[in-house]
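With the hints as constraints, model all of the structure from the sequences given.
Number of protein chains: 4
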Amino acid sequence: MSAPKKVVLAYSGGLDTSIILKWLQTEYGCEVVTFTADLGQGEELEPARKKAELLGIKPENIYIEDVREEFVRDFVFPMFRANAVYEGLYLLGTSIARPLISKRLVEIAEEVGADAIAHGATGKGNDQVRFELSAAALNPDVKCIAPWREWDLSSRTKLLEFAEQNQIPIAKDKRGEAPFSVDANLLHTSSEGKVLEDPAVMAPDYVFQRTVVPEDAPNEPEFIEITFEKGDAVAINGEAMSPATILTRLNELGGKHGCGRLDFVENRFVGMKSRGIYETPGGTVLLEAHRGIEQITLDSGAGHLKDSLMPRYAELIYNGFWFSPEREMLQAAIDKSQELVSGTVRLKLYKGSATCVGRWSDASLYSEAHVTFEDDAGAYDQKDAAGFIQLNALRLRLLAARKRRLGS
Amino acid sequence: MSAPKKVVLAYSGGLDTSIILKWLQTEYGCEVVTFTADLGQGEELEPARKKAELLGIKPENIYIEDVREEFVRDFVFPMFRANAVYEGLYLLGTSIARPLISKRLVEIAEEVGADAIAHGATGKGNDQVRFELSAAALNPDVKCIAPWREWDLSSRTKLLEFAEQNQIPIAKDKRGEAPFSVDANLLHTSSEGKVLEDPAVMAPDYVFQRTVVPEDAPNEPEFIEITFEKGDAVAINGEAMSPATILTRLNELGGKHGCGRLDFVENRFVGMKSRGIYETPGGTVLLEAHRGIEQITLDSGAGHLKDSLMPRYAELIYNGFWFSPEREMLQAAIDKSQELVSGTVRLKLYKGSATCVGRWSDASLYSEAHVTFEDDAGAYDQKDAAGFIQLNALRLRLLAARKRRLGS
Amino acid sequence: MSAPKKVVLAYSGGLDTSIILKWLQTEYGCEVVTFTADLGQGEELEPARKKAELLGIKPENIYIEDVREEFVRDFVFPMFRANAVYEGLYLLGTSIARPLISKRLVEIAEEVGADAIAHGATGKGNDQVRFELSAAALNPDVKCIAPWREWDLSSRTKLLEFAEQNQIPIAKDKRGEAPFSVDANLLHTSSEGKVLEDPAVMAPDYVFQRTVVPEDAPNEPEFIEITFEKGDAVAINGEAMSPATILTRLNELGGKHGCGRLDFVENRFVGMKSRGIYETPGGTVLLEAHRGIEQITLDSGAGHLKDSLMPRYAELIYNGFWFSPEREMLQAAIDKSQELVSGTVRLKLYKGSATCVGRWSDASLYSEAHVTFEDDAGAYDQKDAAGFIQLNALRLRLLAARKRRLGS
Amino acid sequence: MSAPKKVVLAYSGGLDTSIILKWLQTEYGCEVVTFTADLGQGEELEPARKKAELLGIKPENIYIEDVREEFVRDFVFPMFRANAVYEGLYLLGTSIARPLISKRLVEIAEEVGADAIAHGATGKGNDQVRFELSAAALNPDVKCIAPWREWDLSSRTKLLEFAEQNQIPIAKDKRGEAPFSVDANLLHTSSEGKVLEDPAVMAPDYVFQRTVVPEDAPNEPEFIEITFEKGDAVAINGEAMSPATILTRLNELGGKHGCGRLDFVENRFVGMKSRGIYETPGGTVLLEAHRGIEQITLDSGAGHLKDSLMPRYAELIYNGFWFSPEREMLQAAIDKSQELVSGTVRLKLYKGSATCVGRWSDASLYSEAHVTFEDDAGAYDQKDAAGFIQLNALRLRLLAARKRRLGS
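Chains as they are written, first to last, in this note's numbering: chain G, 41 to 448; chain D, 41 to 448; chain V, 41 to 448; chain Y, 41 to 448.
A couple of the hints might just be wrong.
Each pair may be met inside one copy or between any two copies, as identical chains are not told apart.
Unchecked claim - Computed cross-link-like contacts, DSS-like style, restricted to lysine-lysine with a CA-CA straight-line distance of at most 30 Å:
hint: 1; residue 1: K62; residue 2: K46
hint: 2; residue 1: K90; residue 2: K45
hint: 3; residue 1: K270; residue 2: K198
hint: 4; residue 1: K296; residue 2: K388
These are calculated hints, taken from the structure and not from any lab test.
Here you go:
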């Protein structure tokens, strides 16, 4: 790979990506363009502009964007249509943000004529894969630079030395080692590493950032209503909102009631197990609500197919294959199923739980006329069940007869 | 189908199955053998013996058995090895009990020379299917009699009339209609029908039978440890117990903390949606614990395969195909995966939630040496990730190049 | 079910459906509307009109339609996009025709104000299921009448008696029993029953109707080229043709070379095994060609997902669920994959075989630059493979280390 | 990776692996142990011993073994129980041989105290992955050396120079470049590269090595019978034979009749498409036969599950994950299904085709009593089908009613 001439860097404004910025300039002598996205991580973005300027980035090379609506509308919501959970429990909060960042990195690279993009993910994790697979799928020629895989700044000491040598300002609280590593966006906060590395040991309270411990949540449950159209949440308690506004509001509600904490050991795509603490307050509420509305509006054939496709869909997102033909195929199937997943769900939030306690819809498939224990006025002829069972049993009966015949 | 001469009836001792008993005698003039099983439903069994005798059943034709250990060991635990949930949420508490009852009905029929079995499930539900498919798979020749599909006792009034005409004692509280219908066993209690039929309306408190409402659960969390061997729970807080004892103890713990309540609209095999309230306190705790121990002891390849097979496995159990070749094939695959799923999980029970907060095992695949943010002493070469990504990206890059080439 | 007043009957003009026509008139006293479709079964349709008139059907109640183009375009081709085969071998020739017939029956019923449809399929087969599930999915209120399940004309003798009593003309060759039963359309001919009922015995030559025995096929191979656009065949040997014309032409080519014969024992949806002889000359050639063009134009991720979905898709069609949400979901996924499945395939037809011997496309993903044994000018860095393998091996290595550690 | 001290090399005796042998000695100064396996590739093995000795390998370091029986019994047959085909067509002939070679390499390494194994697969192909994943799964510490990824002998000229400089004898016909690359074992022969690299161009006749072109096959069909026990072939025409003998005999029969030729473009695990010519005469016959016996002895539930698992199973083998937990899980499921897959199949071999024309078994599930068009003496009540269809249709009818209600 020839040396890059102009690089678009995913830049947070923090110490690590500032070091990367400088390292790119010194290692490759290349022009650096910074991209800082507001994905709802809860940090001011303007300081990133100042830091980039301080590090010598030309103003026209500084991109700062609020992508929260795009994030929720085009990435989070499509994923929630699938009820995607990875390995039974993880709501994919980090995984789903990476493709969007890559998409903008590649687009900016094409706009400014850069030949490479760069990111601050390490060589041990999933994020490097997600960034780079997304980039490859969007532009076959763009180079991806992952300084953590290349440089020899392998210890905290070396990093700080490099920062000092290069006049990168170091906040006082960054002098010592962080007790764990954090990623955040509008969907979730993840914490990993250091004090969390022993999966036998309970995560300390101070790790959690956006949910109260259930013990400190209100002593009274709160009931809310979420309205869906075509599988996407469109209103809370009857008030229509934009996608990002809905997720923001659900985060507040879920966080206040201690919902969506997860202590999890997962299998990384790169082959090792890792332990993470995830907080997905709004997403946890949303998943429960979506399942609730599907219960009455989704046909069983469609629902069972969705359930069987979901693990693969979630794995694709986790592994970084958002922009792959197979994810798009699955999305086409899933979206097809959501055309009438519309209606309203009532939820109870209390001390760490979000539970569906009611759901209704004009598009409901629930037929009280059929299911009732009372007289159903002929909606359903119970005698049909005899034939239904008889034919479903036929092959089992033939198997049983064979067993007896063969004495096996 | 010729008229049965001798029938083994799944007999609870309650009003409905007593009516069935009498109806079989009068309708078919056949000899009735009763089978009453203790599946942990929490009712005394000896009264069933007295009632059967009162209805003219010969003592040698009355079978009363405690099958709790068999139930948990051979049905519940194998199912939990799969982390089976139906339609994302239901732990299959009723479904998993039916095959065992059928198995004993068929075995007793063979012992006593009966040519038919009978059950009290209606023609609208899943249980008739589960009873009869299981029976067909175990004995190709046995007849199944489902009085609810045959008789004309289609209203409560007619049923009570029949009871009175036939000297069947009617408890006072059975005179009026029950406000909902209940099934229970050691794994769960389900409630359906009547006041629960509108899925928009929250279930009233009095429906719940074995879990406290989370608001009334203790204000302090309780921490417990569950130990697994080969995928099955074998001890709680270090104390070894039999399968049924473990589930009983977990029910107490879970019920006390309000765990395992589910308000659910599901798709019945017979084609309609129905709403149920399920309480699975011990099972909910057990599932969380099992997932926790799998997190460190199960390989990702095995785990992802399990996840993708699970929906089909759960559907088979729900639909009544426990004794089918395909369920046995899936079980073989699942059991193969559990050979080293051994170790201990620490859980926090609090106000309706059971959450894994730690797990450890001699068979752990978690490698702190690999995952650490610290120096890993060469366990993992970050440069390998570049090649890994490069080859995973190759096809995406070829796709992107084609897109550009074709201008599509 | 109340008696039908006006019934649309799938009417072939043959003896059996003529008897059904009469039986409907006499049994229900209802008005009968006949629908006769040209699906490419190779029979004249006008005789059906005359017979219907003879049996007293009013001219405005006689529908005769050529639906061959619709059949191939909207049913056969979408199915072939999926490479659908049932139980490894069967190309679903009968299954795929039923939904179209039901669709027209239901549409005509709505046009003429009929309250029921009727078909001539027996109660043992799959076709009754396919007809009736399709009808239910298209009109929830339409009744389905299956005389074979209702009447007592259970022997050939009784049928002929009924025909004679009702002045239904009986062709001389119908006096005796047919040696086997036949269904045909543009995609295939199936033969079942009677002389074919012992699956150990080779089917006699006279069973085959539209393919020569390979021994009698030309001694010289024939090479043809099929061009695809978006997964559908659009031209043969460079000549653009309509869907039905293409399939007709492929039938001629395949039939001449003895392609597409299948002796098969399959599992019917109703629970029994049956043996059929299928001839699908054009479809066999088409499947081989479609696989050939996919080989160079379909990405592996998309292709492997398709392969894993196919058995379920095929089963849905076989079982009669063409008009189900889950089939439509799968179709959406499959169609998504076919957007660039365009190009040309060269096939060799010879003595019963159709084999792809070459394929090319502007949309090819095959990269000689990457795959070549020669110098690849840096397209692929072999060293990347080391990292790729290393990370794929990591979990296997951790498993092996555990095995050694535990001595298991 | 520290330099290896003692290496077990997969040694064919050919020029390429002789060069590798020498290169290992010179590059690493390590002791080399050679392993030459008779997998049925059809070459003498003793010349390999002489060449190894000539290159300075100590006699006790030369391992030559006939592993044909193990190959067929423990690898080929288990795979055929699954009816495994990769991407619809490829019988995995190369893929299935690699794990066995790796297994012996690792075992020998442990016996002789070697710290590494080496193979002659290039960095572009699948075989390197298969060798190395298998080794990692069997011994977590063994190193894998792939000289083709390391050295700079990147052209034919350089290779020959190296050979000459190192006194490696070069057969005259190896002076020029081979027109394509070949791999062979008892299951198949594959040919790739060079003249085959353009997938549009038909493979020349001289590429094929073990099958006659169908045009040259006998003009008379040949009928054979294959007997199975538990899914494995155990006899041909009534004569019991060992696994390897059966496959050898089927190769002769299939090859003589031109069966099992495949011109194929496949997706390699490393991300590129490649074109191969495969000859699998015996395997093609065996697959057809196995499907035939399954048709009458395998239940539909088991069969459909098998069909849906097969693509994943085949992909695992193709990608090199034979020794993975998930392949073993799938094998457990598949083997469970084969317990009564016993009986005999009659096949017709003719001009490139192997087709099943009859099958019989004591364990047959085919019930003429049920399927017959004749009077079935009450085995099957056609009226049951009405209820069966009614309940299968219920959800479709509810969907159709919703559609009408919503006017959508």
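Query raised in the report: Under a CA distance limit of 30 Å, which applies to K270 and K198: within one copy, between copies, both, or neither?
Result: For K270 and K198, the Cα distance exceeds 30 Å both inside one copy (52 Å) and across copies (46 Å).
**Report entry** Up to 30 Å CA-CA - K388 versus K296, copy category
**Finding:** both (13 Å within a copy, 19 Å between copies)
**Report entry** Identical-chain pair category, K90 with K45, by Cα at 30 Å
**Finding:** within (23 Å within a copy, 56 Å between copies)
**Report entry** K62 and K46: within-copy, between-copy, both or neither at 30 Å Cα
**Finding:** The answer is within: 13 Å in one copy meets 30 Å, while 45 Å across copies does not.
Checked against the numbered hints above, the structure breaks only hint 3 and satisfies the rest.
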